[in-house]
Amino acid sequence: MARFNDLDGKTAPTRVAVVAAGVISPLGFGLDETLAALRANQDCISPVTRFDVEKCRCKTAGQISDDLLSGRRNGRKTERLHRATRMITAVFEELFGQDPGFKPELTVIGTTSGGMSFGEDYYRALHRHRGLRHSPGWIANYPPQKPVIDAQDAFGISAPCQIIANACASGTNAIGHAFECVRSGKCKRVLTGGYDALSELVFIGFDSLQAATPEKCRPFDRDRSGMVLGEGAALFALENLESARARGARVLGEIIGYGISTDNHHLTQPDPSGSGPRRAMEQALQSAGSSADEIDYINAHGTATTFNDAAEGKAIAELFGGVPISSTKSMMGHSLGAAGAIEAAVCLLALQAQFLPPNINFRNPDHDLDLNIVPNESREAKIDIALSNSFGFGGTNASILIQKLAA
Amino acid sequence: MSLRIAGMGWVTPLGRGIDKVWDRLLRGDEAPVQPISDSVSDKAYSALRVPADALKDLPPHPRLRRASAISGFAAAAGIDALAEARSTIGEIDAERMALVFAVSNGGVVYTKRFYHNVVESGAQSASPLLFPETVFNAPASHLAAILGITGASYTLVGDGAVGVLAIEMASHLLDNEALDFCLVVATEEADWLLCDAYHKWRLLKSEPPIEPFHRPPRGMILSEGAGAVLLARQGAVEIDAIDLGGNFCRRRDANALVRRILHSLADEQACIVGSANGTFIDLAERNAIERELPSALVYSAKPALGESVGASALWQVITGVQALRTRRLPPLLHSDPETGLRFSTPGELSFKKVIILSCGLNQQVAGLRLSI
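In order, the protein sequence lines correspond to chains A and B.
All you need for this note's numbering is the position in the first sequence, starting with 1, plus 1323.
All you need for this note's numbering is the position in the second sequence, starting with 1, plus 291.
Calculated from the structure, these hints are not laboratory results.
Keep in mind the model is a prediction, meaning the values are calculated, not measured.
Computed list of chain A residues with no C-beta within reach of chain B, every gap over 12 Å: (1) Asp1389; (2) Glu1538; (3) Arg1545; (4) Asp1546; (5) Asp1689.
Facing chain B, according to a computed beta carbon distance under 8 Å, are these residues of chain A, among others: (6) His1450; (7) Phe1716; (8) Gly1717.
Glycine included, every Cβ here is placed at the ideal spot set by N, Cα and C.
Use the sequences and the hints to build the structure in full.
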């Protein structure tokens, strides 16, 4: 499919640089901690502490300690703000610490549930007919745009916010759309990424679908039994490469391709043929002008559910053959709207540090999937281009390609 | 690139169908309020609901069998927009169409029901059938399946301005020559829980009417429904400017933001379809209009249709397009005649542009301009 500034068109494509990034996830706060955890193959899943999970099948999640969110610059109204706002604000701190001169014209952020836990607090208080003193604050801070707008305000930014809620593909869709906004010349600088904070409603929802596992999360394993949820945020400052170089900005990497497709098979299950993921990956390659054999690493969506891994694995095997793949959700859980953004940060780190992040808890290959998994331990590798996949409820599929910038 | 409107559809408390609802607005009709209650509280509210018969001829589809009202509204509006477009431009290839949804509160009815079961009886009683319908992009997924859209589909979440943000995203998608159309759908469903939330936020009025531009503001009444516009490169009405605006963190800051947007869109031949709904928004719009375009005719459909939050900006756009097509504006209901603004009155008018000002209740402001 023809894309903006297609390579066979008359105009050379505008290159899109990542000039700053920030991340918070169960792996840690910041790019350095995240890199260390990835290299050390850490399992960052722990028993859920934020709410009661006694009656759930799954009792674990990837969680961010509140200690990581306190004591940082959190704007003027720290206590009233949702945890998601504090996560985003913490990530802003890292990102703008790298590039204080970055002024976005547009912000494109993915999420699935915004300030959901405030909605839960509100409903529980209603149900018990008590404690509604805080309700205006809960209500005002519940909408998905609010954490982003508040965090922006704390850093003196008022860029318009497009909040994409494409389920678990949201973060990758946000980065992809932001990439296209810069590549098309519509914007020079766009702030993008994704966030989601763990919430009881969503946790119980996945538990009710039996998509969450009481066991370890084992993506692409023969004995995989489902996902473990997580939380976090990751943000990226995208800029026209020329403009970034002109102002002397440090370039961490380059987004080079994006693909999006919709799979109408079922609201919660992918088409078993893998056709939806395949179209997204093919589009990303075409958009980048790259071929499948140029891809050195795939960070898979890899939720460890039977259906996702089968469909995604089939599409990857058909398109990419033996390219090394891993699902880092095995280490930190599935952070839904943040997942694509956090995994883009993982890819960026893999490109910078030249290593393959691991797919931990991997015991037995699934012989129906012809995949080159990176089992259990990270390892050194030469990586120039990485592909990151995210697929979600509603049949949304998104893939992005990230490239190491040549020196 | 020229961004044009090729077809429209809406489902509102005044019924379904572009011409039918428009005629009612021109007549000065306002939708009746209905009481809305919930077992969780004795308190009752009023809301403007979509009439029960509005979706009666919606073609059956497996995806809509268990879906919430919000998905039905969206499907009806989207199908109607395509039908209107087909009547002038012929067949539409779903493979060359993208979908952009705008919502604010999303599937609140099922979300509340799902969580109520959890609170009432514990996690083991959570429904795996309800949960997928609570996801923001469930209505978009259903409509994509109904229409056979397999390419780009986005759901944007925001406040009353989210419809303008969605149209801007669609305009960007249509820069891609592989696409001929982008269907933008905005949808919302009313629920007691939302009424209670907006009441506690001191934005809700207990009884009609909605009185735009009154000082002090007296509050709004929630409504529900959907609007859809099919964007293309051909069509009589053009979206000739979009201003994505920005965000306000304090209500008083909305004034400057609305004024800046109106300044950027101002045109002496334009009338204004605003978002005045009986809340603080009205003051921001009034100040901006008085300073930037004091002679413009001003209209808001919210006294007649209610505040549909996520769907509201698309209703404004549809109202603006109809105003350009018919050269008429409906009468502004229940306004304060002392404001000094020029309110719309019945009769043929000569404007060639319409400015859509969309100020949300939760910090987002944006606008666009239509021309014929």
